[in-house]
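Enquirer: Each chain, written out:
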Amino acid sequence: MENLEAELKQLIINTLELDGISPPDIDSEAPLFGGGLGLDSIDALELGLALKKKYHIHIDTDSTELLNYFASVKNLADFVSQQQKIL
Amino acid sequence: MAKVTGSAHTDSAESGAKESRLSFTLQHWCLWQSEQSSGGTHWPDGEVLPYNGGYADVGFLPMMQSRRLSPLARAACAVAHHCREKSGDMPSVFVSSHGESHYYFEMLQGMAAREDVSPSRFSLCVHNAIAGLSSFHSASFLPYVALAGGTEGMFSAFLEAAGMLLETPQVLVVWYEQPLPEAYRPYLSASETTWALAMVLTGAGGSGCQLRLTRRPGTTPLASQDCDNSLIRAILTNQRRSSCRSDRSIWQWELSDA
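Which chain is which? The protein sequence lines are A and B, in order.
Residue 75 in the numbering used here sits at position 75 of the first sequence; the count goes up by one each step and never skips.
If you count the second sequence from 1, you need to add 1000 to reach the numbering used here.
Simulated from the structure, these hints should not be mistaken for lab results.
A few of these clues could be false.
[As the list claims (entries may be wrong)] A partial selection of chain B residues facing chain A, derived with a Cβ cut-off under 10 Å:
1. Met-1063
2. Met-1064
3. Ser-1066
4. Arg-1067
5. Arg-1068
6. Glu-1115
7. Asp-1116
8. Val-1117
9. Ser-1118
10. Pro-1119
11. Ser-1120
12. Arg-1121
13. Ser-1123
[Stated by the list, open to error] List of simulated lysine to any residue pairs, SDA-like, C-alpha gap at most 25 Å:
14. Lys-53/A to Ser-1118/B
15. Lys-1086/B to Ser-1207/B
16. Lys-54/A to Met-1064/B
17. Lys-53/A to Ser-1070/B
18. Lys-54/A to Phe-1122/B
19. Lys-53/A to Glu-1106/B
20. Lys-74/A to Gln-84/A
21. Lys-54/A to Ala-30/A
22. Lys-53/A to Gly-1110/B
23. Lys-52/A to Arg-1121/B
24. Lys-52/A to Val-1117/B
25. Lys-54/A to Ile-13/A
26. Lys-54/A to Arg-1121/B
27. Lys-54/A to Gly-1110/B
28. Lys-54/A to Met-1107/B
29. Lys-1018/B to Gly-1150/B
Cβ atoms here follow ideal geometry from the backbone N, Cα and C, with glycine treated the same way.
Could you put the whole structure together from the sequences, leaning on the hints where they help?
Expert: Structure follows, in structure tokens:
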């Protein structure tokens, strides 16, 4: 799981063009949106697209759990590994 | 010749048929382009921003705001920022014939290959995206318009600015262009460099250089000239008067000291 978290941090940095930020700068448990990194709604869409592309996972945009999945790197890693098991 | 404002005179009854004149006070200007400038004397009351390795410096923005700016958006936002810093906030006119052509061409290629569209690229390639970003960067709540080319080329911005000056004391005009993606080049003429130019304009007769423009309609279809390039050259070499043909008209302009 730690590997996946590190991988996701790099994906976030590359996809969202976070110049000058490196994976250790991102706290796995800190909020990705709103506070923390301060990402916005377009970042959320962009990240969703990148996850679909890289992990071939399905993201149900109607799911009430979606906000929770995207809350932190840790939650995102849980979500991706769950989805990969389904596949 | 009906007098419309202190800054703009047009023959409104027969617009397009006779000559129209526009006059402004040029308060300040700012230029950036993706090639090293040779120095020398340029127009007064303005500045050429450093080449900075081919990317206009946007160090005035936090990383979270600058990260998504294309080279074109960096240039436009930088010149707009420097003018706003000098003259304060004001309504603005952003003008570009082709805007973020590389972003939308990439997006179209992606769609043709049945790939998903990047939401951030999509949001940044709409024509008013750069105007919106600049407004956001300067926390401006004042109106802006985003114009595309039209038949008057870059001069359409002066018409828009004269109109806006009916309601507001000063207007920021920002022009920006970049080379087109290769696929479009056989069909359209476009800039060979990435550049952005901003001017702060107020009504005629203020303190500062006076910029006077005259539009004469063309009687026969005209081969349009590269007016953007010739105006930039004029600014950089302190040339004070010239004329340029757009699709349907000839624009003459003159800059004189107050």
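Enquirer: If a hint holds in the structure, say so; if it doesn't, say that too.
Expert: Structure-based check of each hint:
1. About 6 Å separates the beta-carbon of Met-1063/B from the nearest beta-carbon of chain A, less than 10 Å, and the hint is met.
2. The criterion of a C-beta within 10 Å of any C-beta in chain A is met by Met-1064/B, whose closest approach is roughly 6 Å, and the hint holds.
3. Restraint check, Ser-1066/B versus chain A: the minimum CB separation of about 8 Å is within 10 Å; hint holds.
4. Interface restraint check: Arg-1067/B against chain A, minimum CB-CB distance 4 Å, threshold 10 Å, status holds.
5. About 6 Å separates the beta-carbon of Arg-1068/B from the nearest beta-carbon of chain A, less than 10 Å, and the hint is met.
6. Residue-level restraint check for Glu-1115/B holds (minimum Cβ-Cβ distance to chain A is 9 Å; threshold 10 Å).
7. Taking 10 Å as the C-beta contact cut-off toward chain A, the hint placing Asp-1116/B at the interface holds, the least distance being around 5 Å.
8. Contact between Val-1117/B and chain A, as hinted, is supported at the beta carbon level, the nearest pair being about 8 Å apart and thus within 10 Å.
9. For Ser-1118/B, the shortest C-beta to C-beta distance to chain A is roughly 6 Å, which falls under 10 Å, so the interface hint holds.
10. For the restraint placing Pro-1119/B at the interface with chain A, the shortest Cβ-Cβ distance is roughly 4 Å, inside the 10 Å limit, so the hint holds.
11. For Ser-1120/B, the interface hint holds, the least distance from its beta-carbon to any beta-carbon of chain A being 5 Å, beneath 10 Å.
12. Contact between Arg-1121/B and chain A, as hinted, is supported at the beta carbon level, the nearest pair being about 9 Å apart and thus within 10 Å.
13. Because the smallest distance between the Cβ of Ser-1123/B and any Cβ of chain A comes to about 6 Å, under 10 Å, the interface hint for this residue holds.
14. Distance check on the hinted pair: Lys-53/A and Ser-1118/B sit about 11 Å apart at the alpha-carbon level, within 25 Å; holds.
15. Restraint check for Lys-1086/B and Ser-1207/B: the C-alpha separation of about 15 Å stays at or below 25 Å, so the hint holds.
16. Distance restraint check for Lys-54/A and Met-1064/B: the Cα-Cα separation of roughly 24 Å lies within the 25 Å cut-off, and the hinted pair is therefore satisfied.
17. For the hint linking Lys-53/A to Ser-1070/B, the alpha-carbon distance of about 23 Å falls within 25 Å, and the restraint holds.
18. The straight-line distance between the Cα atoms of Lys-54/A and Phe-1122/B is roughly 20 Å, inside the 25 Å bound, and the hint therefore holds.
19. Proposed proximity of Lys-53/A and Glu-1106/B is supported: the alpha carbons are some 17 Å apart, at most 25 Å.
20. For the given pair, Lys-74/A sits about 15 Å from Gln-84/A by alpha-carbon distance, which is consistent with the 25 Å threshold.
21. Proposed proximity of Lys-54/A and Ala-30/A is supported: the alpha carbons are some 23 Å apart, at most 25 Å.
22. Distance hint between Lys-53/A and Gly-1110/B is fulfilled; the C-alpha atoms sit about 13 Å from each other, no more than 25 Å.
23. Straight-line distance between C-alpha atoms of Lys-52/A and Arg-1121/B comes to about 17 Å, which keeps the hinted pair within the 25 Å bound.
24. A C-alpha spacing of about 12 Å is found between Lys-52/A and Val-1117/B, which places the hinted pair at or below 25 Å, so the restraint holds.
25. Restraint check: the Cα-Cα separation between Lys-54/A and Ile-13/A comes to about 14 Å, which is no more than 25 Å; the hinted pair holds.
26. As the CA atoms of Lys-54/A and Arg-1121/B are separated by approximately 18 Å, the hinted pair is consistent with the 25 Å bound.
27. Restraint check for Lys-54/A and Gly-1110/B: satisfied, since their Cα atoms lie roughly 16 Å apart, inside the 25 Å limit.
28. At most 25 Å may separate the alpha-carbon atoms for a hinted pair to count; Lys-54/A and Met-1107/B meet this at roughly 19 Å.
29. For the proposed pair Lys-1018/B and Gly-1150/B, the alpha carbon gap of about 19 Å is at most 25 Å, so the pair holds.
Consistency with the previously given hints is maintained throughout, with no hint failing.
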